[in-house]
Amino acid sequence: MLYNEPSPLETRVLSRRFGMPNSASIDTYLATDGYKAFLKARGMKPEEIIEEVKISNLRGRGGAGFPTGMKWSFVPRNSPKPKYIVVNADESEPGTCKDRLLMEYDPHQLIEGVLIAALSVDAHAGWIYIRGEYRYLIEIMDKALNEAYHKGWLGKNIQGTGFDFDLYTHSGAGAYECGEESALLESLEGKRGIPRIRPPFPAVVGAFQCPTILNNVETYCAVPAIIRDGGKAFADLGVPKAGGTKLTCLTGHVNKPGVYELTLGFPVMKMINEVGGGVRNGKKLKAFIPGGSSCPILTGEECQDATMDYDSMAARKSMLGSGGVVVMDEDTCMVKAALRIMRFYAHESCGWCIPCREGTTWLRKILTRFHEGQGTRSDIDLIGDLSKNMLGRTFCPLGDAAALPTISIVEKFRQEFEDHLNGRPCPFEHAGHMVTV
Amino acid sequence: MIPMLLYAQDEVGHVSDELIEEIARRVGVTPLQVNEVLTYYSMLHRKPLGKYHVQICTNISCLLWDADKLWEQACHKLGIGHKEATGDGQISLEEVECIGACSWAPAVQVNYDFHHFVTSEKLDQLLDGLRKKQ
Ligand SMILES: Cc1cc2nc3c(=O)[nH]c(=O)nc-3n(C[C@H](O)[C@H](O)[C@H](O)COP(=O)(O)O)c2cc1C
Ligand code: SF4
Ligand code: FES
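Taken in order, these protein sequences are the chains called A and B.
Under our numbering, the first sequence has 239 at position 238, and the numbering climbs by one with no breaks.
Under our numbering, the second sequence has 41 at position 39, and the numbering climbs by one with no breaks.
One or more hints might be untrue.
To be verified - Here chain A is said to cover these stretches of chain B; the calculated rule only asks that three of the stretch's residues, wherever they fall, bring their Cβ under 8 Å from a Cβ of chain A:
1. 3-17
2. 44-55
3. 58-65
4. 94-103
5. 106-112
6. 120-133
Stated by the list, open to error - Pair ranges (Cβ atoms, derived):
7. B:R133 / A:L31: 43 to 49 Å
8. B:G89 / A:R394: 43 to 49 Å
9. B:Q92 / A:R394: 43 to 49 Å
10. A:D123 / B:V31: 29 to 35 Å
11. A:K37 / B:G81: 55 to 61 Å
What the hints assert, rightly or not - Cut-off 27 Å, straight-line C-alpha distance, at most; resulting in silico cross-link-like pairs (DSSO-like, lysine-lysine):
12. A:K233 / A:K41
13. A:K284 / B:K124
14. B:K49 / A:K192
15. B:K71 / A:K366
No lab work stands behind these hints, which were simulated from the structure alone.
Positions of the beta carbon are idealized from the N, C-alpha and C atoms, including for glycine.
Model the full structure from these sequences, guided by the hints.
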């Protein structure tokens, strides 16, 4: 059973098995071209695999959008150390719920993607780091891994090709910061999820001090299709500098929220109105977050001619991010939205950098005061200034992720902050208020 | 070590002193080192929770579907707050950050089970059911 009805406007490449009977089983996978790409890749040289991924214009789906082929080429293949493959399945960026489906409905696609990555750098072991809350997915992945071992698609001498690979699941235990690549590696090694200073990047010094490829679930899941049908076919689906499709999580005030696979470059308004069935209750679109709460927010007007790709979002000073689209209608209180987003970052800051640790807590307090009607006019500028002072002054991007949306909300919706001044109750609040802050 | 702590907690109910000692011994580190690690992770608890741990997400996508009202409703109904348990130890509550169910908001997790598109009525039924459940 699917969580939401598919849309006819989707281009289903990664999600093509979603909804098939027993889609997670290895038999279904093998009956639908499964593991063919691995065999094809086994016949290719490592450089050829990486070249194909480069041609596909695949960019990391975890949020930063770094070109995947280039990332793989940074791994020093001649290093005497073992090389590792790590899958980032920590999925905790607010608004994002797609990796979950990729693992639930098609776990073997992920395993095959990992195997191909392993061939490209000659790695022989890897881990799938899954957030602790996704216990049922750990069970699904473990079952799929067992099937793969049993049928000779993992372990020693895979399908008689002489290639060995072991893959394990690893549970997180509740920490957004462990989705950050270097904090994830620390956590994998059994430590607190405090990020590492980079360089060196994980490609050179990653898991257990060894060269490591670390990508998001969706990134690996795109790889079998790229090798099977060629990088060019994948690239052609998208826009010039970003190939393929993106699993997009439509959330918030739309009539048909859900996860949909859309080509890169899909128009934002078409996505909201046709895929998502329009804004709920026929209301107007007020604000839009393109890919998780770390992205600067866009106004309804800014969305009109925007498309879902890296360049279009960058031109609007935002980011494509992780695929977690948040739609807010005209009745949404932007002060409340800013407050809730800041509460999240204040809770998740690992506390290493002072600007992030103190900044997020301070901002949370000011925004709380504001939402209760106790803010002052100078607080509005203080919110902006504090956020700007966090930018670029932290060890990991969480500080920026907290600051950027806040700056954009204050700049674009300043009037709403003014409307909360002078002890007036929140103009949008019909009943109740935020209880715990 | 992190999965070890989580799976052990699932057996025991919380991370007890004995558990810390045992894990320290097996991993070959000091209990202090285990403690240092576990305090970082929000799913690891040093105190017992309810048998059914009800986690209500109020992060942005759920908030837009009035998850804050659900949270208040649950607190009111059970007479407990954030990270508190009912007197009989049956149910505990936690207001959590995004649990990866944003497109099917608002979302609630009871132990490891997801509940999607939760309405006020559904929450009421869910809590009533948990009160009686063995
Ligand atoms: C605070 C923070 C949280 C992150 N959370 C995730 C996450 O949950 N999943 C993910 O794939 N990437 C996450 N990332 C991005 C990773 O650091 C990394 O860029 C990504 O996993 C690389 O894979 P990709 O190139 O395939 O996107 C996060 C980054 C930061 C700074
Ligand atoms: S920016 Fe925040 S989360 Fe990142 S390392 Fe610094 S304190 Fe930790
Ligand atoms: S915001 Fe509630 S599950 Fe993601």
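Hint check:
1. 3-17: Holds: 6 residues of the stretch 3-17 of chain B have a Cβ under 8 Å from chain A.
2. 44-55: holds (count 3)
3. 58-65: holds (count 5)
4. 94-103: holds (count 6)
5. 106-112: Contact hint for the stretch 106-112 of chain B vs chain A: holds, 3 residues under 8 Å.
6. 120-133: violated (count 0)
7. B:R133 / A:L31: 43 to 49 Å: holds (47 Å)
8. B:G89 / A:R394: 43 to 49 Å: holds (47 Å)
9. B:Q92 / A:R394: 43 to 49 Å: holds (47 Å)
10. A:D123 / B:V31: 29 to 35 Å: holds (32 Å)
11. A:K37 / B:G81: 55 to 61 Å: Roughly 58 Å apart at Cβ, these two residues keep to the hinted range, so it holds.
12. A:K233 / A:K41: holds (16 Å)
13. A:K284 / B:K124: holds (26 Å)
14. B:K49 / A:K192: OK: K49 (chain B) and K192 (chain A) at ~21 Å, within 27 Å.
15. B:K71 / A:K366: Given that 27 Å is the threshold and the Cα spacing comes to 21 Å, the pair holds.
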